[in-house]
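When we follow the numbering used here, the leftmost residue of the sequence shown carries the number 1, and every step to the right adds one.
Take these hints with a grain of salt, some might be off.
Lysine to any residue pairs mimicking SDA-like chemistry, simulated, CA-CA at most 25 Å apart [said to hold, decoys possible]:
1. LYS14 - VAL53
2. LYS37 - GLY64
3. LYS65 - ASN2
4. LYS71 - ILE58
5. LYS37 - GLY21
6. LYS34 - GLY54
7. LYS65 - ILE27
Simulated DEER-style distance windows between Cβ atoms [said to hold, decoys possible]:
8. MET16 - ASN62: 28 to 38 Å
9. GLY33 - GLY64: 14 to 24 Å
10. MET1 - LEU31: 15 to 25 Å
11. MET1 - GLY54: 19 to 29 Å
12. GLN70 - LYS14: 17 to 27 Å
13. ASP13 - SER63: 30 to 40 Å
14. THR35 - SER63: 13 to 23 Å
15. SER68 - HIS29: 16 to 26 Å
16. ASP13 - ASN62: 33 to 43 Å
17. SER25 - PHE55: 27 to 37 Å
18. ASN62 - LYS12: 30 to 40 Å
19. GLN24 - SER63: 18 to 28 Å
20. LYS20 - ASN62: 28 to 38 Å
21. ASN62 - HIS22: 15 to 25 Å
Keep in mind the hints are simulated off the structure, nothing from the lab.
Glycine residues also receive a C-beta, built at the ideal position from the N, C-alpha and C atoms.
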Amino acid sequence: MNKIIVELNISKDKVMEYYKGHAQSVIAHTLEGKTVKFPAQYLRSIVGTEGVVGFFEIQYDNSGKLYSIQKM
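With these hints in hand, go ahead and build the complete structure from the sequences.
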């Protein structure tokens, strides 16, 4: 399993836009400066009262499919 670390700072209002289907993908940057894109549906498991804020570990398989995302 491969993993990367990203910092996310998505307000609760912006998260609601994802829930409503206004956007289907999240674009983030790794600590190494790479750009990653993943399905917005994965925000559901990590959203808090202030939105999605903090550092997160994303695990993905060799084909690039997201396996999990967890707050660090």
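Just pull the numbers of the violated hints for me, sorted ascending. Of the numbered hints, 17, 21 do not hold.
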